[in-house]
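Whole structure, please, built from the sequences with the hints as guidance.
Oh and the sequence shown: position 341 is 368 in our numbering, straight run, nothing missing.
Hints are supplied without guarantee of correctness; some may be wrong.
[What the hints assert, rightly or not] Taking lysine to any residue pairs in the SDA-like style, the calculated list, with each CA pair at most 20 Å apart, reads:
hint	residue 1	residue 2
1	34	45
2	34	425
3	180	200
4	260	363
5	260	342
6	260	177
[What the hints assert, rightly or not] The calculated label-pair distances, taken between Cβ atoms and stated as ranges, are:
hint	residue 1	residue 2	range
7	140	112	38 to 46 Å
8	67	113	22 to 30 Å
9	373	52	16 to 24 Å
No wet-lab data here; the hints were simulated from the structure. All C-beta atoms, glycine included, are put in the ideal place defined by N, C-alpha and C.
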Amino acid sequence: MATGELKPRWGQPITGIVSFFVFFAIAWLSWFILSDTRGPIGWFPYPFIMYLAMMILVAIWQHMMLGDWPFQNIAQPKRGIILALVNLVLVWFVIDIIFYRILGLGFNFINYYGLEAIGKPVILAQVGVVCFVLIGFFTYPVTTIFFGKWPIKPSNIEQPAAGFAEIGWGSFLTIFCYAALIVPFFGSVLTGPALNPSWWVGIGGTSHVHWVFGWWEWAIVILFMTPNVWRMKPWTLITVPQPWKGILSVILSMIAAFILAYICRAITLLWVPAETFHLLEEAKGASEVQRFLWLHSAEIAGFTLFPFLIWHHYFDDMSFGLNVDGWAGFFFRTVGVLVLAAASYWIYYFANFGHWGLGNHHMAEFAQRFIHGESLVWNFWWIIPLLWNEWFFHKWPFYVHEE
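This is the structure in structure tokens:
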């Protein structure tokens, strides 16, 4: 294996710029082939939303928890190729076996084949899997980022035992939150004695699970901004030992996520045309407007994903003369990410990239562009090449090891 510190192959900002265009080209081309209705397959939005989401979650297990075990000593790019292929196999196994055939025995709404047999919409099973992944995007990595891998570390537990222990601990947290925040939605959709309906109607103004999406997505963004462009700030100010530091960080991040979601709900009214809200209300009533506002809050959060990930991993947290680890750099990159997210939002909706670039035909009319929540799918699709390259390929070939 190569040793030494990773260095950008062409220096900065050239390495970051080249990486940006390569990842964008891969994402756009793969979207056209697999999801664009003008392409050869045209499977949009399902099942690719489900597979896309699970690919990222399984990659968290492989890289963040298992440390690329058992392939960590294989040279690149072979290691990255193997990890990517293993990811695809594991994704199929997790969805088709663990969710559809095992967990589906208890939760009827994720039993794809059971729903198909009784003539119920099988998309409910796919939505159920996506919702599990949404919860897992926070509950699995939170033990690494906020808790410093407590309670697994510090200890003398080595891989793969340490990784499987983390996955088990994360699965407990995920199932607990899933039962409280996701299952009640399906109790509202599939009425029956086994599932209670959504308990958050009085809080969010809608029984839809998009209430959870609205603030949970912002919690995910805050969580991942922490080790990326924030370089563990502002949680470095919390000096109590674990697990108290992690608990405080979770509580404060959730409060911040609620605040950001409410801000997004308010500012959405400034530019989304009134006709959009009329269409929503005519379709399903006032609760549909509330559902849209919560989902759109999550969409706005989604536009920050690519900016903060590439800024950290491929532009090396460039701060243009500011101390990269100081508070000035922290605020500079935070504002920069928000500006880039706003620019991406404008390109997607107002320059209508979602229509001419991604083939979302219903976006031709301005009032229709915002309704369907599809930008969140594109933003997760867009980060896949970046994450695969950083996690599985260790930034090969954009970075080299300095001997």
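Here is how each hint holds up against the structure:
1. Restraint check: the Cα-Cα separation between residue 34 and residue 45 comes to about 14 Å, which is no more than 20 Å; the hinted pair holds.
2. About 9 Å separates the Cα atoms of residue 34 and residue 425, which keeps this hinted pair within 20 Å; it holds.
3. Distance check on the hinted pair: residue 180 and residue 200 sit about 17 Å apart at the alpha-carbon level, within 20 Å; holds.
4. For the hint linking residue 260 to residue 363, the alpha-carbon distance of about 16 Å falls within 20 Å, and the restraint holds.
5. Distance restraint check for residue 260 and residue 342: the Cα-Cα separation of roughly 19 Å lies within the 20 Å cut-off, and the hinted pair is therefore satisfied.
6. For the hint pairing residue 260 with residue 177, the CA-to-CA distance comes to about 19 Å; that is within 20 Å, so the pair holds.
7. For the pair residue 140 and residue 112, the beta carbons lie near 26 Å from each other, so the given range of 38 to 46 Å is not met.
8. For the pair residue 67 and residue 113, the supplied restraint of 22 to 30 Å holds, since their beta-carbon distance comes to about 26 Å.
9. Taking 16 to 24 Å as the suggested C-beta distance range, the pair residue 373 and residue 52 conforms, at roughly 21 Å.
The structure fails hint 7 only (numbered hints given earlier).
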